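Chains as they are written, first to last, in my numbering: chain P, 227 to 463; chain X, 227 to 463; chain U, 227 to 463; chain L, 227 to 463; chain A, 227 to 463; chain Y, 227 to 463.
Check before you lean on any hint, since a few could be wrong.
Chain copies aren't distinguished; within one or between two, either way the pair holds.
Unchecked claim - With a straight-line cut-off of 20 Å between C-alpha atoms, the simulated SDA-like cross-links for lysine to any residue are:
1) K458 with Y401
2) K458 with R380
3) K304 with N276
4) K304 with R316
5) K304 with V271
6) K447 with G435
7) K458 with R229
By construction, these hints were calculated from the structure, which means they are not laboratory data. Remember, it's a predicted structure, so these values are computed and weren't measured experimentally.
There are 6 protein chains.
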Amino acid sequence: MSRPDHRVCDELRPVRIDRNFVSAAPGSVRISAGNTSVLCTASFVDSVPNWMKEQEGGWLTAEYRMLPCSTVPRCERKDRPDGRASEIQRLIGRSLRSVVDLKRIGPRTIYIDCDVLQADGGTRTLAITGAWIALYDAIKSLQAVLPPMELLLRDSVAAVSVGLIDGQARLDLCYLEDVAADVDMNLVMTGSGRFIEIQGTGEHATFSGEQLDHMLALGRKGIEQLTAMQPKLKGVS
Amino acid sequence: MSRPDHRVCDELRPVRIDRNFVSAAPGSVRISAGNTSVLCTASFVDSVPNWMKEQEGGWLTAEYRMLPCSTVPRCERKDRPDGRASEIQRLIGRSLRSVVDLKRIGPRTIYIDCDVLQADGGTRTLAITGAWIALYDAIKSLQAVLPPMELLLRDSVAAVSVGLIDGQARLDLCYLEDVAADVDMNLVMTGSGRFIEIQGTGEHATFSGEQLDHMLALGRKGIEQLTAMQPKLKGVS
Amino acid sequence: MSRPDHRVCDELRPVRIDRNFVSAAPGSVRISAGNTSVLCTASFVDSVPNWMKEQEGGWLTAEYRMLPCSTVPRCERKDRPDGRASEIQRLIGRSLRSVVDLKRIGPRTIYIDCDVLQADGGTRTLAITGAWIALYDAIKSLQAVLPPMELLLRDSVAAVSVGLIDGQARLDLCYLEDVAADVDMNLVMTGSGRFIEIQGTGEHATFSGEQLDHMLALGRKGIEQLTAMQPKLKGVS
Amino acid sequence: MSRPDHRVCDELRPVRIDRNFVSAAPGSVRISAGNTSVLCTASFVDSVPNWMKEQEGGWLTAEYRMLPCSTVPRCERKDRPDGRASEIQRLIGRSLRSVVDLKRIGPRTIYIDCDVLQADGGTRTLAITGAWIALYDAIKSLQAVLPPMELLLRDSVAAVSVGLIDGQARLDLCYLEDVAADVDMNLVMTGSGRFIEIQGTGEHATFSGEQLDHMLALGRKGIEQLTAMQPKLKGVS
Amino acid sequence: MSRPDHRVCDELRPVRIDRNFVSAAPGSVRISAGNTSVLCTASFVDSVPNWMKEQEGGWLTAEYRMLPCSTVPRCERKDRPDGRASEIQRLIGRSLRSVVDLKRIGPRTIYIDCDVLQADGGTRTLAITGAWIALYDAIKSLQAVLPPMELLLRDSVAAVSVGLIDGQARLDLCYLEDVAADVDMNLVMTGSGRFIEIQGTGEHATFSGEQLDHMLALGRKGIEQLTAMQPKLKGVS
Amino acid sequence: MSRPDHRVCDELRPVRIDRNFVSAAPGSVRISAGNTSVLCTASFVDSVPNWMKEQEGGWLTAEYRMLPCSTVPRCERKDRPDGRASEIQRLIGRSLRSVVDLKRIGPRTIYIDCDVLQADGGTRTLAITGAWIALYDAIKSLQAVLPPMELLLRDSVAAVSVGLIDGQARLDLCYLEDVAADVDMNLVMTGSGRFIEIQGTGEHATFSGEQLDHMLALGRKGIEQLTAMQPKLKGVS
């Protein structure tokens, strides 16, 4: 069974990264993989959530939303993040927090905004990969007022989806594949090859331990390639 | 008193128009004027609002929102359009409806989505100017299923802001000027030079009839230049 | 084409003004024009909005709502002000703020409440004309604790609607005319004849510069008559 | 201990009833008792709630709200009825439904709107007394399309408050008494002297069976006087 | 006409009381009467509502909700308490506040949570009877940090429903009777026999003074029996 | 480092299962593991979500909420499911849908309600384990109107948490361990040993492939023990 865009099973879609995409945020990236495209920005705000008021350091939070024009047919604007968007923005936030030393940024909140411009599958993992670059760029452009990059960012973060379709594992699903997949897995890893998050879901089917191993191997390979496209952190191997 | 970007009083900011900016909507335009930049899309949805159910033809509605990363400092996402956004999206909708023959589009709704990417003053007027192009492109790309363009679109629409600062009228205010203006006027006109909407507001000062006339003259001139950058409608002079 | 109530084109509806209409607010006016009737009150509250906390002086804000029984058929109560009500209450607030010296009222908020008792067209302009009287009466009844009237109120404010029906300009539209109008204009002016706000909208038609001038002339005339019915401010000509 | 307005214990406040107060609703009454004043309207809407769709006849529902200018200091507009308003409007609705034959009005909903213009205690009971008159007037003005009054309205309805202050029972409490009362009772009765609703609450104190009997006697007397001021239903004694 | 569960008119349903039902709240009771079952808990929170900030002592508030699985068919979760739930939780709160000396508990709020596990009529009165036991247990388990029980709790509280069906008064209605009742009365009384709250409602019928007296007598009898099942307060007769 | 309750690393907490816990739902289970306790019910409702209207078969959805009294200190009732609750109820729904043949249940929705009575870690996994039993019991009690159990339920479902604390993997974390864990993993599996969902999250640390394998092994062992406590499905090995 061939893939809609004729890729082989372990092949990523072509990736394009446009840094400094908007001028108001210190870090802003439009990242595209095939027909999926997300605008990721990182901004620093001089306050922290109420529950953190008595603690040292700062916080990082993420918001994820799809623009109405990102899908066919047009999707409605949501009053609040719905269940799916809420899950995704919590995932983005957790993933980035795992590599940032928030104790060192002072009483500030880093806002990661991920607005999907075009949706063709894999928006959440692409958002994570792009958001890390936006975060890197924001820290870099604020080096005058922040501690050195190498003290703030422990590692890079990238993410990719893997799926099981008719028993076959595939890397980086597009929308048509996403809908057809029996099992859908999202993998978030550091540049140095450690896991941050594994989310494997079999709504239409269950999966064996062997299939799990195969999907993990594909995902690892994809993440290595994405990491290579991200800016390189000094002192992280 | 010189302008922050050294323009003369009746000079527009440089305009850039990127058509076909996203792939999912049949019409999509990123329009920029100086540092203000708006993503405008036009989509057709096969249903009409409830109150129209028993009427012939279709409807056109607009939504306007600022992306959080469009301002410094970051602005919060609004659950719903606030008072300002609500006013603006009603204005955009009215302005475009005045030149479309909605009776001819069948039971469909045209959604105009205007998402501000960068905000430096004049987002609502720029959104109108860009949205008309997105609408034109959407109709053009759907000519196979819609009546001919010249039956659907009676005229083009463009808009611009004018302000009064220390008694001096200025065209196309940037944010710094917007904040300082005593009187703020938004002008929406057709390509053939007729008025669609005039909104002149003097919160910090009142204005005389003579000053009104001067602002109207400046606005007309700017709109003529914007019209020249838009696609040309056949049979409209 | 004669008007539903047989007025000539430049004739206002009969106006009735009942001051001190309710006892709890220091200024309260029931103002009627033909079958349109609005209860306007002005109250002082000893606090300011959060965004003003660090600034000198106070604020004035307006709320506008239609009572369910003001229309046939009954209109539903809105959970929040909808788009239209939101636009109107922002207009009322801006119009009155343009003549009040809020720096002098201390850390207080003036609330203008406009509740429509009967709706037959022109509720927003009638609300402005009545609200100014309520504001005047509130300031007068609080002269013991406020600066002198002439330091607080720079001018009077009145408003009226004008419309274009089949090419003919008419003053002070009733509901039937409002619905039929091609162009709808609301004019807010000071007692001394300066403009505060012009809102001209052509949803069903566009309009020429000449038609604009004619509508402005009619509106000016109507506002002069309304001003004559309002209390007279000392020292304003 | 004398009362703030020097009434004796079993004396009502002076009542004023203005019928046909607004023109859009078929029944509309401004009813005042001392400084409390409520605008009560009754309107017929040609639809029924969803849960009634399969049932014969119609429904009656009530809405109660306080205008912001009805109290000192100004009270905030509520987005939705809060707990108190919700209780009150359910009480008003139940009370009137007990005397209307809703089976006979066809698939219609009668809306009773009670908007408090001035609040000085006893707004809910005054609203019931006034709403019944508005309902009577609405039915009367729609006799051309409705069954005869005597088939629709079984009886009249009036209501009054009674309280216990320092062990002393008092009729028709004003706000100052309401706040001071140990026990607060609202009584709704028919013109023919039967009970519709008794709500006796002792938040600050409990009360004995004897005290209950005394309060009921006072309330009955007040309701008889209110009934005498309402229009008389034919055939009800 | 016999009752669905063959009780005589003045007979309560069998009552079961499980104290210490959950471990996190200092007082927690599952109380059942026939097929109605409510989980009542009492917790102390170290803060008070904003409006109490400047006052001495604390507050007691109640929340009432039905679990979706408590009815056939399943009832939907409510975003907020609806009108009915709002009325009920206000009643529960008032009833308990009438016997607690809140001045003595310091700046704390006692939360009473009543979650209906099974609904077969009489949930609000059963909730009150159970909530008082939860409150008693909570105070008892916190005697180390609170004033002595006899200073905090003046009396016990119990509640029961009475109804009029076809002219016959019945005690403690189950759901089938509740729906059929012409008059529905809820009675809240202290252990020493004084009234806290009387709510008698005749939506489907009105009732005479004699019928009122009969219902009150039945209710008193039921409350005496419920009081006997509650823990005994020292020094209250 | 010993565990707070002195278990060994691969030891579950003691489990208690009370079936038929409430009478209104056809399946209802109170399941406890140590101090965590959840009320799980399964109900059939005779309608389907709008988006399913044109499809064959039915749907299964889950709602998860914590009762306010389930934690110390008391947690506030949420108006709507917050981000966390939304994630959890989506997980519960997906997990159960993976083993139910919804095509065969007709146009019905199965509601799974999980209300946490006591929260001491692991509420979401315990809810899944208990909800499957409630679902089994509901199907069993409705066998008269549903297809045979073995056609509807393909397999059983159980879930457990695993964590990494100071590099050590532990099964079935209690709250104190949950808070201290560097990595938190939730595992949902079928009775026959296949994966339904893996969610491994390292907010405070990242984890290696070897650690992942160890956690998976512990989880599998726990799920086997939970499966043994659930009712046995005929024909599933």
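Status of each hint after checking the structure:
1. When the C-alpha separation of K458 and Y401 is checked against a cutoff of 20 Å, the pair qualifies neither within a copy, at 30 Å, nor between copies, at 37 Å.
2. For a Cα distance limit of 20 Å, the shortest separation of K458 from R380 inside one copy, 12 Å, qualifies, whereas the shortest one across copies, 49 Å, does not.
3. In this assembly of identical chains, K304 and N276 lie within 20 Å of each other by CA distance solely across copies; the values are 18 Å between and 25 Å within a copy.
4. Taking the shortest alpha-carbon separations for K304 and R316, both the intra-copy value of 17 Å and the inter-copy value of 18 Å come in at or below 20 Å.
5. In this homomeric assembly, K304 and V271 come within 20 Å of each other (Cα to Cα) only across copies, at 17 Å, whereas the closest approach inside a single copy is 24 Å.
6. In this homomeric assembly, K447 and G435 come within 20 Å of each other (Cα to Cα) both inside a single copy, at 19 Å, and across copies, at 14 Å.
7. Taking the shortest alpha-carbon separations for K458 and R229, neither the intra-copy value of 32 Å nor the inter-copy value of 41 Å comes in at or below 20 Å.
Taken one by one, the earlier hints fail for this structure at numbers 1 and 7, listed in ascending order.
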